[in-house]
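Number of protein chains: 2
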Amino acid sequence: MKLSLEQIKQLDDSYRKNLINSISGFKSANLIGTIDEEAKTNVAIFNSVIHLGASPALMGFIMRPVSVRRHTYENIRSVGFFTINHVLENFFVQAHQTSARYPENVSEFDACNLSTEFSDLIPAPYVKESSVKIGLEYIEEHRIQANDTILIVGKIMELFFPRQIVDNDGFLSLDKISTVAIGGLDAYFRPERVARLAYAKPNRQPSELIRD
Amino acid sequence: MKLSLEQIKQLDDSYRKNLINSISGFKSANLIGTIDEEAKTNVAIFNSVIHLGASPALMGFIMRPVSVRRHTYENIRSVGFFTINHVLENFFVQAHQTSARYPENVSEFDACNLSTEFSDLIPAPYVKESSVKIGLEYIEEHRIQANDTILIVGKIMELFFPRQIVDNDGFLSLDKISTVAIGGLDAYFRPERVARLAYAKPNRQPSELIRD
Numbered sequence: 007m008k009l010s011l012e013q014i015k016q017l018d019d020s021y022r023k024n025l026i027n028s029i030s031g032f033k034s035a036n037l038i039g040t041i042d043e044e045a046k047t048n049v050a051i052f053n054s055v056i057h058l059g060a061s062p063a064l065m066g067f068i069m070r071p072v073s074v075r076r077h078t079y080e081n082i083r084s085v086g087f088f089t090i091n092h093v094l095e096n097f098f099v100q101a102h103q104t105s106a107r108y109p110e111n112v113s114e115f116d117a118c119n120l121s122t123e124f125s126d127l128i129p130a131p132y133v134k135e136s137s138v139k140i141g142l143e144y145i146e147e148h149r150i151q152a153n154d155t156i157l158i159v160g161k162i163m164e165l166f167f168p169r170q171i172v173d174n175d176g177f178l179s180l181d182k183i184s185t186v187a188i189g190g191l192d193a194y195f196r197p198e199r200v201a202r203l204a205y206a207k208p209n210r211q212p213s214e215l216i217r218d
Numbered sequence: 007m008k009l010s011l012e013q014i015k016q017l018d019d020s021y022r023k024n025l026i027n028s029i030s031g032f033k034s035a036n037l038i039g040t041i042d043e044e045a046k047t048n049v050a051i052f053n054s055v056i057h058l059g060a061s062p063a064l065m066g067f068i069m070r071p072v073s074v075r076r077h078t079y080e081n082i083r084s085v086g087f088f089t090i091n092h093v094l095e096n097f098f099v100q101a102h103q104t105s106a107r108y109p110e111n112v113s114e115f116d117a118c119n120l121s122t123e124f125s126d127l128i129p130a131p132y133v134k135e136s137s138v139k140i141g142l143e144y145i146e147e148h149r150i151q152a153n154d155t156i157l158i159v160g161k162i163m164e165l166f167f168p169r170q171i172v173d174n175d176g177f178l179s180l181d182k183i184s185t186v187a188i189g190g191l192d193a194y195f196r197p198e199r200v201a202r203l204a205y206a207k208p209n210r211q212p213s214e215l216i217r218d
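So the sequence lines, in the order shown, correspond to chains X and A.
Per the working numbering, residue 7 is the first one in the first sequence, and the count goes up by one each step.
Per the working numbering, residue 7 is the first one in the second sequence, and the count goes up by one each step.
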């Protein structure tokens, strides 16, 4: 089936939203935790968190246009820190629920039955239910001119993960803690490992990585 | 297990690369196809393709610093178009192999046993083996100051997908064609669907989406 730009434009809004959100492939599932200057916490689900670099260790995510109030954005800009927390299969329904539009004075932590957890270093709250958690400092942002979305860039300040999921080479087996993946806007997936492949070199086919 | 910024900096390079590449969660697996002004084709695997917006339909991906030659980047800038093609489980080994450093005059299509396919609209080559394919026009880029990586933004010009994977509401069931997900740098996963959840509203818990 082929769709041209003209045909895509003519699709029903909700159909187009589902289609275009699906077509990029599987996405990460993360809760981003923030706090405002009056210590009011906020947590929201994002499917756009990406790796930007290992040294320095950088991550980013996409904010929708701030033409309406976005607490996540306002808190990051005023306080300068945020947390990224993996969504695990045992609380993905609560994580999804953070996308509801709660009144201004309600913290999604309370409304969605998630718990805050704090470190000494980062003022932003972590999600206690998550077992892979990253504390970041805001460092830069880029406004996509074509639609006013914003790439937020953060520098990793600290990391938390269960010792039993890290392999000898630093790789994290996220399937062991059931980190979920997202398809489209609202579909949750459990990724099952197929293989790790050796570093690709021109004169040989990649072989499955042998690990102990 | 907790790692501070100082501890992360002191990790062995390869360990840090595996760890920091794993910690963002699951990532999309795509082949990006390009062509140069002399019609030489290029294809490379990326795990950083992201959704940027549905209307206009925009996608982006992260290019590593162009301090060394990157054919994907040069071709996109000189020709103005590129394709994004889902990596499916039946050719993920060939897709991984495109990351090997082949000599300048070798097309990864030939070296990795992948086939080109062309549309009337986009000069860049599609990957024939893939069944979800997107043709894009380059529209803007943003250089992340912290590490010189580049966010490339493209506008979707045309889309191809199998009719049998699109639901009535536009959602694509990518598990039906075995689109893979990536963990870290080199791990491939088969996502199994857990649930689609209804749009979240403040006064009810999300329920599983009923579809026909």
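There may be inaccurate statements among the hints.
Same chains, same label: a pair holds when it works inside one copy or across any pair of copies.
Claimed, not checked - Subject to a maximum C-alpha distance of 35 Å in a straight line, what follows is the list of computed DSBU-like cross-link-like pairs (lysine-lysine):
{"no.": "1", "residue 1": "Lys182", "residue 2": "Lys207"}
{"no.": "2", "residue 1": "Lys23", "residue 2": "Lys161"}
{"no.": "3", "residue 1": "Lys134", "residue 2": "Lys23"}
{"no.": "4", "residue 1": "Lys161", "residue 2": "Lys46"}
{"no.": "5", "residue 1": "Lys15", "residue 2": "Lys182"}
{"no.": "6", "residue 1": "Lys15", "residue 2": "Lys207"}
Simulated from the structure, these hints should not be mistaken for laboratory data.
Hints, one by one, checked against the model:
no., hint, verdict
1, Lys182 to Lys207, "both (29 Å within a copy, 31 Å between copies)"
2, Lys23 to Lys161, "both (31 Å within a copy, 15 Å between copies)"
3, Lys134 to Lys23, "both (32 Å within a copy, 26 Å between copies)"
4, Lys161 to Lys46, "within (23 Å within a copy, 38 Å between copies)"
5, Lys15 to Lys182, "between (41 Å within a copy, 26 Å between copies)"
6, Lys15 to Lys207, "between (42 Å within a copy, 28 Å between copies)"
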